[in-house]
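These protein sequence lines are chains A and B, in that order. When we follow numbering that gives the first Met the number 0, the leftmost residue of the first sequence carries the number 0, and every step to the right adds one. When we follow numbering that gives the first Met the number 0, the leftmost residue of the second sequence carries the number 0, and every step to the right adds one.
For the record, the hints were derived by calculation from the structure and aren't laboratory data. This one's a predicted model, so the numbers in the text were calculated from it and none came from an experiment. Mixed in with the good hints there might be a few duds.
Stated by the list, open to error - Below 20 Å or equal to it, Euclidean Cα-Cα: the simulated EDC-like pairs (lysine to aspartate or glutamate) are: (1) 272/B x 143/A; (2) 272/B x 67/B; (3) 18/A x 59/B; (4) 67/A x 251/A; (5) 221/B x 283/A; (6) 208/B x 67/B; (7) 18/A x 204/B; (8) 272/B x 59/B; (9) 107/B x 283/A; (10) 70/A x 51/A; (11) 221/B x 252/B; (12) 233/A x 150/A; (13) 18/A x 67/B; (14) 185/A x 173/A.
Unchecked claim - For the chain A half of the interface with chain B, some residues (derived, Cβ under 10 Å), not all of them: (15) 69; (16) 70; (17) 71; (18) 73; (19) 74; (20) 112.
Here a beta-carbon is modelled for each residue, glycine too, at the ideal position from N, C-alpha and C.
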Amino acid sequence: MSPLLEWFTGPRTDKKKRKVSRFSYLALAIFAFLSIFPLYWLFVVASNSNAEISKIPPSLVPGPNFFKELKAVYAAVPLTNALVNTALIALVVAASQVFFCTMAGYAYAKLAFPGKRASLVVIIGTMMLPAQLGIVVLYIMMADFFHWINDFKAIVIPSMIGAFGVFWMRQIIDAQIPNELLEAAKIDGGTNFRIYRSVVVPIIAPSALVLGLFSFLGTWNDFLWPSLVLNSPKRFTIQVAVNQLNGTYTVDYALKMCGAFMATLPLLILFIFVGRRLVSGIMDGAVKG
Amino acid sequence: MSRTKRAVAPKNKGDRWGLAYVSPFFIIFGIFGLLPILFTVYVSFFHWDPLAGHNFIGLDNFRNLFTDPYFYRAVRNTFSIFLFSFLPQTILALLLANFLANPALRFKVFWRTILLVPWVTSILSVAIIFSELFGQNYGMVNVAMHYLGLSHIGIHNVNWVGQTIPSHIAIACMIIYRNLGYASLIYLSSMLSIPRDLYESASLDGASKWQQFRYVTIPQLKNTLTFMLIVGTIGGLQTFLEPLTYGGVQGGDSRQFSTLALYLYEQIIQNNKLGYAAAIGVAITLLTIVISGVNFLVTRKISGSDS
Chain A
0 MSPLLEWFTG PRTDKKKRKV SRFSYLALAI FAFLSIFPLY WLFVVASNSN AEISKIPPSL
60 VPGPNFFKEL KAVYAAVPLT NALVNTALIA LVVAASQVFF CTMAGYAYAK LAFPGKRASL
120 VVIIGTMMLP AQLGIVVLYI MMADFFHWIN DFKAIVIPSM IGAFGVFWMR QIIDAQIPNE
180 LLEAAKIDGG TNFRIYRSVV VPIIAPSALV LGLFSFLGTW NDFLWPSLVL NSPKRFTIQV
240 AVNQLNGTYT VDYALKMCGA FMATLPLLIL FIFVGRRLVS GIMDGAVKG
Chain B
0 MSRTKRAVAP KNKGDRWGLA YVSPFFIIFG IFGLLPILFT VYVSFFHWDP LAGHNFIGLD
60 NFRNLFTDPY FYRAVRNTFS IFLFSFLPQT ILALLLANFL ANPALRFKVF WRTILLVPWV
120 TSILSVAIIF SELFGQNYGM VNVAMHYLGL SHIGIHNVNW VGQTIPSHIA IACMIIYRNL
180 GYASLIYLSS MLSIPRDLYE SASLDGASKW QQFRYVTIPQ LKNTLTFMLI VGTIGGLQTF
240 LEPLTYGGVQ GGDSRQFSTL ALYLYEQIIQ NNKLGYAAAI GVAITLLTIV ISGVNFLVTR
300 KISGSDS
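Excised from the complex, chain A in its bound form:
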């Protein structure tokens, strides 16, 4: 075995000594099953009549009723509208988070400016505070000052940046971009923004993409804030729309589950393509030690 390959795979004895017990595989398989089953069940209920689900034992396979339920969902809420609204909002938020957070993160990692240290402390401090703290005043601002109730601006503009995103990008740029590289680019005569664009951005692009995915998912799945500022059905995001199906006195599970399925399906499709990146993004961003 060549030394390079050995460095990649680790010393051979390693694998022999540490075996994986069957119990590990069994436990992992059980938890993998538990991860998937509720989502499968979501589709089963969404595609069966309520009577079929209320049998003992209940039906465990998808039924023929999915499109009938979907029609009922459409009769109750403007679902396509909500999906399009949400996709647009989430895309804009993700793109601007990536754009502004990498820029600010770059400044915190590599540039000097007045108030740098103090403002970083404030950023970290706000990350420790509950999201509900500012929400009352933010709501008052949107209602009385900006008049953005029922306006997507109320959702998009406050989330164009994020304390977490800036902090994370700062860590990434600090770890991945050596100062020597920036010095060399400067000697080659690059202007500041050009260095940022053609040296920094390509290196951190994978992490920035993960930040974009986080923001997209977070915006897609957010409920509290959209439910406060959007109250005309035309403007609903998907979570607010699905919540409308969750009336207090109805127990129409098939209807609710069908709505929830439609809200989840796009994310599951997205996950097929980006799941691995999310995994490595979470593990890279994790605190070590």
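Fit chain B to the given chain A structure using the hints.
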């Protein structure tokens, strides 16, 4: 380290450029992030109705809060749900991470990825699914417990919504379901950075798998555990959408699972008491700070006495 960085960063030119890069963030963060937080304390001194206007009432909101039985019930429920979710979640996540960290494990990427699937689904969808699963008469959980023979020991047809403790367990299950994979990956990431020779010397000393986990892995994860405890506390004190979906804005008929954040939401959406809502927000924040401080001190003391 900071000294070398400062020497490299061009001081004079950097001032201008640095501000240019960071100013969009500063502006938006200042207006929509910082200002509302600071202003919330101000609003909490008012009777603030979005329709009828506002007037200054001093500390009355806080006085009412401290004598409000619904507030205390929300505090109790919040902590109960937090304990029911955080403790099992941590134990399970450590266990799963330990399995995933085995270098000989096959299909590593597959396991990691599939465990993360619940994390991309929305809290609302998870809450809807689990409300169905925990239904009293036909819910899968009661049916499964019946087939497992639990009715023989008196557990039969559990009312997972109406009863306090069962409802907390059901809500905790929603939280664990969504967060377990994420937590496992964080612990896994830390475990992979533990130097291998620590395990080698431990196994040479005859330490069993469990002893290695207990005396090598866990102490090495101290920082991560502290971090997860603080993040978990912050998240736990914000629990809101699961109980809302499970039993409406009051958190069940007798508020048996109303949480602090849900109580705040109720004040905005139903009672039009924005000042009172702001006071609850301040209370949640103070609780968060106190608990995080205690967590920090306790874990530092434990790690200090260990080493």
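Status of each hint after checking the structure:
Simply put, residue 272/B and residue 143/A have alpha-carbon atoms about 16 Å apart, close enough for the 20 Å limit, and the pair holds. A C-alpha spacing of about 14 Å is found between residue 272/B and residue 67/B, which places the hinted pair at or below 20 Å, so the restraint holds. Proximity of residue 18/A to residue 59/B is assessed by CA-CA distance (about 64 Å); at most 20 Å being required, the pair is judged violated. Distance hint between residue 67/A and residue 251/A is fulfilled; the C-alpha atoms sit about 13 Å from each other, no more than 20 Å.
Between the alpha carbons of residue 221/B and residue 283/A the distance comes to roughly 18 Å, so the proposed pair stays at or under 20 Å and holds. Only pairs whose Cα atoms come within 20 Å are accepted, and residue 208/B paired with residue 67/B is rejected, the gap being roughly 51 Å. For the given pair, residue 18/A sits about 19 Å from residue 204/B by alpha-carbon distance, which is consistent with the 20 Å threshold. Annotation: proposed proximity of residue 272/B to residue 59/B holds, straight-line Cα distance about 13 Å (limit 20 Å).
For the hint pairing residue 107/B with residue 283/A, the CA-to-CA distance comes to about 16 Å; that is within 20 Å, so the pair holds. Proximity of residue 70/A to residue 51/A is assessed by CA-CA distance (about 19 Å); at most 20 Å being required, the pair is judged to hold. With a C-alpha separation of about 41 Å, the suggested pair residue 221/B and residue 252/B falls outside the 20 Å cut-off, and the hint is violated. About 11 Å separates the Cα atoms of residue 233/A and residue 150/A, which keeps this hinted pair within 20 Å; it holds.
Simply put, residue 18/A and residue 67/B have alpha-carbon atoms about 57 Å apart, too far for the 20 Å limit, and the pair is violated. At roughly 18 Å between alpha-carbon atoms, residue 185/A and residue 173/A fall within 20 Å of each other, so this suggested pair holds. Because the closest C-beta pair between residue 69/A and chain B is about 16 Å apart, greater than 10 Å, the hint is violated. Evaluation of the residue 70/A hint against chain B yields a violated restraint, the C-beta minimum of about 19 Å exceeding 10 Å.
For residue 71/A, the interface hint is violated, since its Cβ never comes within 10 Å of a Cβ in chain B; the closest pair sits about 15 Å apart. Interface restraint check: residue 73/A against chain B, minimum CB-CB distance 18 Å, threshold 10 Å, status violated. Interface restraint check for residue 74/A: the shortest CB-CB distance to chain B comes to about 18 Å, outside 10 Å, so the restraint is violated. The restraint placing residue 112/A at the interface with chain B holds, with a minimum CB-CB distance near 3 Å, inside the 10 Å limit.
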